[in-house]
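Visitor: Could you put together the complete structure from these sequences and hints?
For what it's worth, the working numbering labels the leading residue of the sequence shown as 233, then goes sequentially.
I should point out that these hints are in silico values taken from the structure, not numbers from a laboratory. Hints may be right or wrong, so weigh each one.
[Said to hold, decoys possible] Simulated pairs of lysine-lysine, BS3-like, Cα-Cα distance not exceeding 27 Å: (1) 394 with 350; (2) 394 with 339; (3) 393 with 350; (4) 393 with 339.
[Said to hold, decoys possible] Restraint-style ranges between C-beta atoms, simulated for each label pair: (5) 373 with 406: 21 to 27 Å; (6) 381 with 268: 39 to 45 Å; (7) 314 with 382: 35 to 41 Å.
Note that beta-carbon positions come from the ideal geometry of N, C-alpha and C, so glycine has one too.
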Amino acid sequence: MAGSVAFFVVDEDHSTHVGLEGRIAALITPAVEDLGFEIVRVSVLGREVPTVQIMADRADGTLITVEDCEQISHAVGAVMDVEDPIPGNWTLEVSSAGIDRPLTRPKDWERFAGHLAKAEMLIPVNGRRRFSGIVLGASEEGGRMRLDDGEEVVLPFREQKKARLVLTDALIAATQAMMKPGVQDEEGAEDAPVEKKKSKTRH
Numbered sequence: 233m234a235g236s237v238a239f240f241v242v243d244e245d246h247s248t249h250v251g252l253e254g255r256i257a258a259l260i261t262p263a264v265e266d267l268g269f270e271i272v273r274v275s276v277l278g279r280e281v282p283t284v285q286i287m288a289d290r291a292d293g294t295l296i297t298v299e300d301c302e303q304i305s306h307a308v309g310a311v312m313d314v315e316d317p318i319p320g321n322w323t324l325e326v327s328s329a330g331i332d333r334p335l336t337r338p339k340d341w342e343r344f345a346g347h348l349a350k351a352e353m354l355i356p357v358n359g360r361r362r363f364s365g366i367v368l369g370a371s372e373e374g375g376r377m378r379l380d381d382g383e384e385v386v387l388p389f390r391e392q393k394k395a396r397l398v399l400t401d402a403l404i405a406a407t408q409a410m411m412k413p414g415v416q417d418e419e420g421a422e423d424a425p426v427e428k429k430k431s432k433t434r435h
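Guide: Dropping the structure here:
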């Protein structure tokens, strides 16, 4: 129906994406998963020459490398060239989710239980929109968090504007443990999953 907003669920353990981001997520997910990766987040930024940002993880939970980003970029670029979800020119950026990563899926809330995070809601929960506290995991209703005052809240996934881990020494240590064997021994590789991006412009 014209003018309606469509919700696309990538799979049962991914958060939903809305509108154009949902279309792109639905289109590229099979190709990305066939390579052994998972999509963490799809964002489309800008108007004249939009930038499509893809954050990804390896399916085995280890952090992706620059080479992985290039592999994903080629696969995603090929799909988007064929399906053409964005008219005109666009730029593609592929990166890891980083250390202070967004929490976009129930599995992210489960995986990083015990770490500090911040969240902002579209709709107030208990009279407030912004929260900071320790991630406790996920339930069917949403992400669970223990606030600084000891109160526990459940933040519905569909009503989260954004949720992100806070950079701490404990999180850095946990992230280092998720790196692929040998990655830390390669020169500069320990920074690559967080900082390096693969870009492509469609003409």
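Visitor: If a hint holds in the structure, say so; if it does not, say that too.
Guide: A quick look at each hint next to the structure:
The hinted pair formed by residue 394 and residue 350 meets the criterion: a straight-line CA distance of about 8 Å does not exceed 27 Å. Restraint check for residue 394 and residue 339: satisfied, since their Cα atoms lie roughly 16 Å apart, inside the 27 Å limit. In summary, the hint linking residue 393 to residue 350 is supported, as the alpha carbons are separated by about 11 Å, within the 27 Å threshold. Proximity of residue 393 to residue 339 is assessed by CA-CA distance (about 17 Å); at most 27 Å being required, the pair is judged to hold.
Taking the beta carbon of each, residue 373 and residue 406 are about 26 Å apart, inside 21 to 27 Å as hinted. Between residue 381 and residue 268, the C-beta spacing of about 42 Å keeps the proposed range 39 to 45 Å intact. Separated by about 52 Å at the C-beta atoms, residue 314 and residue 382 break the suggested range of 35 to 41 Å.
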